[in-house]
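Could you put the whole structure together from the sequences, leaning on the hints where they help?
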Amino acid sequence: MKRIVEIVPARPGWYARWQLTPDATRCYPVSLWALLEEADGSGREVVGVDCVGQWPGADDNEAGGEFVRYLYQTPDSGRPDDADQTPAGEPRADRPRLQPTTAP
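Under this note's numbering, the residues of the sequence shown are numbered 1 to 104, in order.
Pairwise CB distance ranges (calculated):
1) GLY43 with THR21: 28 to 36 Å
2) GLY43 with THR74: 27 to 35 Å
3) GLU37 with ASP81: 29 to 37 Å
4) GLY53 with GLU6: 15 to 23 Å
5) ALA83 with ALA39: 30 to 38 Å
6) LYS2 with GLY78: 30 to 38 Å
7) ASP40 with LEU20: 34 to 42 Å
8) SER42 with GLY78: 34 to 42 Å
9) SER42 with THR21: 32 to 40 Å
10) SER77 with GLY43: 32 to 40 Å
Since the hints were made in silico from the structure, they are not lab data.
All C-beta atoms, glycine included, are put in the ideal place defined by N, C-alpha and C.
Right, dumping it as structure tokens:
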């Protein structure tokens, strides 16, 4: 099992690209980067978590989507052509909305 060593926010301009069909991809902004390592302290890797909560290897990623790569575009150059068009801060209809809970 892997453990999280460090989490840092992603700078604007980073995207995760997912292959949805042979002819269609979709990009989501990366929200944070997580440094993971194996329980024995070996095998470190960095993964980006996108704004809809997906990351390479997660069990609950968008159905049928396969991670392709991370890409960077300077914020002043605009979003990738295949970027998700959901306005920032609004939940997507096809993803459950997380609800806050209180500690027992």
